[in-house]
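*Asks:* The primary structure of each chain is shown beneath.
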Amino acid sequence: MELSKLLAVSMLSLAIAGCASSGGTTDEASNTDASAAESQTQGVPGSPDLDVVTEEQAAMASNAMLEQTTVYFGYDRSEIRPEFKDLLNAHAGYLVANPQASIVLEGHCDERGTVEYNLALGERRADTVKRYLIVQGANPSQIESVSFGEERPAMMGSDDSVMSKNRRAEIKYQ
Amino acid sequence: MIKRYIFLLLMSFCVSTQAELTIEITQGIASSIPISVVPFKFEGSLKDNMDQIVRSDLERSGHFTLLAPDDMLSLPATEDDIYFTDWRLLKQDYIVVGTVKSLPNKQYQIRYQLFDVFSETELLTQTLTGSASQLRDIAHRISDAVYEQLTGIRGAFSTKIAYVTTNPQRTAFSLSIADSDGAREKTVLTSKFSIISPSWSPDGKRLAYVLIEDDGSRVYIQHLETGKKELISAQKGINSAPSFSPDGKKLALVLSKDGNPEIYVVELATKNWTRVTSHYAIDTEPNWMPDGEHLIFTSGRTGNPQIYRVNLTSGYIERLTFEGSYNARARLAQDGRFLVLVHQANKGAPFRIASLDLMRGLLKSLTSDTQLDESPSVSPNGVMVMYAAKYNGRSILAAVSVAGDVRFLLPSKNGDVREPAWGPYLN
Amino acid sequence: MHFLPVADPRSFSYPVLIASFIVICIIISMSSSWIQNDINIVQVPKTISARIVYIDKPKPNTAKKPVKKPESKKAIVQPKKTAPKPKIIKNTETTAVKQKPKAINKRLPLPGADLSKALAEDEEQMKLSDLLNSEMQTLQAEKDQQAIASYASQIKLLIQSVWRFPPSAKHDQMVLLRIFMVPTGEVTEVQIVESSGNTALDRSAEKAVWRIAKFPVPKDASLFEQQFRKFLIQLKPENARL
Chain A
61 MELSKLLAVS MLSLAIAGCA SSGGTTDEAS NTDASAAESQ TQGVPGSPDL
111 DVVTEEQAAM ASNAMLEQTT VYFGYDRSEI RPEFKDLLNA HAGYLVANPQ
161 ASIVLEGHCD ERGTVEYNLA LGERRADTVK RYLIVQGANP SQIESVSFGE
211 ERPAMMGSDD SVMSKNRRAE IKYQ
Chain B
202 MIKRYIFLLL MSFCVSTQAE LTIEITQGIA SSIPISVVPF KFEGSLKDNM
252 DQIVRSDLER SGHFTLLAPD DMLSLPATED DIYFTDWRLL KQDYIVVGTV
302 KSLPNKQYQI RYQLFDVFSE TELLTQTLTG SASQLRDIAH RISDAVYEQL
352 TGIRGAFSTK IAYVTTNPQR TAFSLSIADS DGAREKTVLT SKFSIISPSW
402 SPDGKRLAYV LIEDDGSRVY IQHLETGKKE LISAQKGINS APSFSPDGKK
452 LALVLSKDGN PEIYVVELAT KNWTRVTSHY AIDTEPNWMP DGEHLIFTSG
502 RTGNPQIYRV NLTSGYIERL TFEGSYNARA RLAQDGRFLV LVHQANKGAP
552 FRIASLDLMR GLLKSLTSDT QLDESPSVSP NGVMVMYAAK YNGRSILAAV
602 SVAGDVRFLL PSKNGDVREP AWGPYLN
Chain C
4 MHFLPVADPR SFSYPVLIAS FIVICIIISM SSSWIQNDIN IVQVPKTISA
54 RIVYIDKPKP NTAKKPVKKP ESKKAIVQPK KTAPKPKIIK NTETTAVKQK
104 PKAINKRLPL PGADLSKALA EDEEQMKLSD LLNSEMQTLQ AEKDQQAIAS
154 YASQIKLLIQ SVWRFPPSAK HDQMVLLRIF MVPTGEVTEV QIVESSGNTA
204 LDRSAEKAVW RIAKFPVPKD ASLFEQQFRK FLIQLKPENA RL
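Chains as they are written, first to last, in the working numbering: chain A, 61 to 234; chain B, 202 to 628; chain C, 4 to 245.
Simulated from the structure, these hints should not be mistaken for lab results.
These numbers were taken from a predicted model, which means no experiment stands behind them.
A couple of the hints might just be wrong.
Said to hold, decoys possible - BS3-like mimics (lysine-lysine), calculated; alpha carbons at most 25 angstroms apart, straight line: (1) K232(A) to K437(B); (2) K361(B) to K292(B); (3) K190(A) to K406(B); (4) K190(A) to K437(B).
Said to hold, decoys possible - Covered by chain B, according to a simulated footprint, are these stretches of chain A (three or more residues, beta-carbon under 8 angstroms): (5) 167-180; (6) 209-219.
Just so you know, even glycine gets a beta-carbon here, dropped at the ideal spot from N, CA and C.
In isolation and in its complexed conformation, chain A is listed as follows:
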């Protein structure tokens, strides 16, 4: 898992580097086809403008991620899955940037297993998210956690797809 991620990231960075180096070529191309290019390439600026759009895009992307407030877990597990790290980083970033903001983390479980053990497991999930956010720079005083065990499912039903939606931690801004 780790290795393939590393490969993907390195491929991506190579591609980005490639794009950067071929930026000149594109510019040359656009200069040679100036007349044709101008009508087409009004929205395509040179290298400095590329960065501004990326920041905007990044800001938009970050906001979009803040809209997502649920982290899902594997069956009987409480560790953060890699696909949710970006999401949590975004929230951590927000908390760092807004010291007056505070959240409550709610831990939940699917209905398998006992009621009390699930109450404990739900707390574990909320606490794992809390610790991650703190490591990313958030202030512990901004984060509360509470467990609802299997008592407040997101969806009713017993099949796997429903149950996977119930194994979650929710971020609730106060």
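Got chain A; can you put chains B and C on it based on the hints?
*Replies:* Frame of chain A, contents of chains B and C only:
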């Protein structure tokens, strides 16, 4: 020579069975006792069918097979009416007959007799009096007496059960108490918050329970006669899984205020707290042993939930379950010879109620056609287990005997029923 | 522990003294050696008297037979179903064979060689018939053991097929019954020698015996008298769930 005679003389003092042929039988067929409870004779009609209540009680216990009234050749009401050959023909071992008489002051008098069919001898007779509202109680007392006479075990038919009912949307919850057969339900608490883990005090006068409120779980005790509620614990984190000690003076429960769920004991009079477990894994679901010196609890310390026992004085912890990927919420049964618990054989397998024979180390599933079984609760005589299960998409209560040979579902109510707690003997 | 006066019927002093005396006597009698053969005799069939005979040329068959007995018994019982073997307490004759040298050194000085030869032949005859007798007795004892095992096994299987124990029966409970029979095999009385503590279980054991009511018994009257006139049945529901 003399020594030989002395020896032989001494040997003759020995038990004579030494020389007697002894044949050892080690196998038989487990089978419930066939008994007939004949419809009681009464002029008129009663709101409660007493003999039907007795038949249901005895049938649910798993010890007896009841002959249906339709299959009876005659309906005797007293000894004189009984033609024992008939009942031997029907292969009945025992017969109960009775009469109900209405008395002037709106009272009823019930007389019943229990006979051994083979020897044609009377084993039990009693006359009981009560009002119309007490007829169910009288019927359960008859069941208790017959059960104890024929099995040697105290009957638990006059006990109560507590449970939580909720609507499908999970927006309204109620904690209720009913007879062990589900009749005469009474609500003791309603809440918009989830109610879990009801626990009876040994005198049957108080119920401890947990409310899962918006900002955390809290433990309460309610006095049933007065309805008075007392907050026991609302500390940071989890406050849950209450369990009354055998003397009723202490409560074991789970707090996570110190970083992760651990077990504590609180003395109710002094509010003196003692910590029992100290492990970074989940420790929960404490349950007292009758000696008041040990707790059985669930711990995830080896990776997945297993059952442990802790000595409260020495702190010594012993693991009890070794089979399966999930073992939780254990309760003692059959005079402490067994545990009943929630068990999953391996990842992906269904959750079942299982019994663990502590003497022989044998773990056996007790349920098979329900799914997601949880919250086992044992009757005070240690014979039956009540539990919650998913059946046709709804949550219902069911019961099974620890020997695993009979099972019944409680009459269905509206909504989902969960978290049963079997009450103690009431005297 | 507080000591009661010796004369008090509740006191343990007298029984303790008597018991100690018996134990000491046993220890004394067992600590010194004596004739070994006698220990093993508990019951000897009245009609058969076994004699141990030593011949100066011991035949291998005779010497080995008593040792083979337990093995042959096992071979007979094994094919019968999966039920564990009936434990029958051995109560006939010896298993140890002691070979006692018996010197034949009487010689009648006779004038004629023929007479001594005839005498020698006579002696040989007697030795042979003695040998035959003892062989027959051993064979008979063996047959008896087999018969007892066979009838015990049949009784056990019959009872196991009809014994219905109650759901409250626990695997470690045990009830001991004494059965009284008449030579036809009919049961005349059943006594509870030792209760299991579970009355429903005790009752189920009695019922099982009465349900069969008539057991197969050996035709041999003496064998019936010794073993089956009254005997014990021990019932333990080892296949109970609890």
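*Asks:* Output the indices of the hints that this structure fails to meet, ascending.
*Replies:* Failing hints, ascending: 2, 3.
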